[in-house]
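Engineer: This is what each chain is made of:
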Amino acid sequence: SQKIEQNSEALNIQEGKTATLTCNYTNYSPAYLQWYRQDPGRGPVFLLLIRENEKEKRKERLKVTFDTTLKQSLFHITASQPADSATYLCALSLSGSARQLTFGSGTQLTVLP
Amino acid sequence: DTGVSQDPRHKITKRGQNVTFRCDPISEHNRLYWYRQTLGQGPEFLTYFQNEAQLEKSRLLSDRFSAERPKGSFSTLEIQRTEQGDSAMYLCASSRGYTGGNTEAFFGQGTRLTVV
Chain A
1 SQKIEQNSEA
11 LNIQEGKTAT
21 LTCNYTNYSP
31 AYLQWYRQDP
41 GRGPVFLLLI
51 RENEKEKRKE
61 RLKVTFDTTL
71 KQSLFHITAS
81 QPADSATYLC
91 ALSLSGSARQ
101 LTFGSGTQLT
111 VLP
Chain B
114 DTGVSQDPRH
124 KITKRGQNVT
134 FRCDPISEHN
144 RLYWYRQTLG
154 QGPEFLTYFQ
164 NEAQLEKSRL
174 LSDRFSAERP
184 KGSFSTLEIQ
194 RTEQGDSAMY
204 LCASSRGYTG
214 GNTEAFFGQG
224 TRLTVV
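Which chain is which? The protein sequence lines are A and B, in order.
Under my numbering, the final residue of the first sequence carries the number 113; numbering is consecutive throughout.
Under my numbering, the final residue of the second sequence carries the number 229; numbering is consecutive throughout.
The shape of chain A in the complex, shown without the other chains (with noise of 0.2 Å):
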């Protein structure tokens, strides 16, 4: 069955540092991968969206890669600050859209001041 592992349950950084988070898969070969982030008691935000022909996607402080021979993707927060805590999910999908999406269970965040 499909399976997704996002590196430790949490991360602590120091802000102003970059927040590098894993994502890996088995038994699936999406292709796309999403990023969301979510807050205590909130549904999940969208984020970036990379596709499986894709290296790389930049969106202001934040930086996705997806390497489809390593089944991984890597999720990075440049400049960190305190604001940017909060549980990320990578989500895996055959689709663009929110159809049928394999959901990590997260890693934590914390950016100490």
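No lab work stands behind these hints: they were computed from the structure.
What you are looking at is a predicted structure, and each value in this text was computed from that prediction instead of being measured.
Any given hint could turn out to be false.
Unchecked claim - Below, a sample of chain A positions facing chain B; criterion: calculated Cβ distance under 10 Å:
{"id": "1", "residue": "Q6"}
{"id": "2", "residue": "Q38"}
{"id": "3", "residue": "G41"}
{"id": "4", "residue": "P44"}
{"id": "5", "residue": "V45"}
{"id": "6", "residue": "R61"}
{"id": "7", "residue": "R99"}
{"id": "8", "residue": "G104"}
C-beta atoms are modelled at their ideal positions from N, C-alpha and C, and glycine is treated no differently.
Position chain B relative to chain A; hints supplied.
Structural biologist: Just chain B, lined up with the frame of chain A:
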């Protein structure tokens, strides 16, 4: 607020009772999705509507679950004969139609169900 709205935000029910949740998507979105999320886990897909048609259902959606989207606007998710294992956050999301590019999905704040 023009985001996805879910009602109620919290629901406590006794085992065996029926519950119904409502989702109002963003008005111009024709796609609507239901997901379920338990503590410490990512959301799990339940079902998907395009306009009023329910096009996809997960195997997680047992026969005690039913979802509707009459007239392609708001949607309801009903759980009959609730069980303690149904306790979770039920999330609704909506997006525009897929036209070959990616479409951003907007999630509501969810309905937290507790079955006692």
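Engineer: Which of the numbered hints above does this structure break?
Structural biologist: Hint check: 6 fails alone, others pass.
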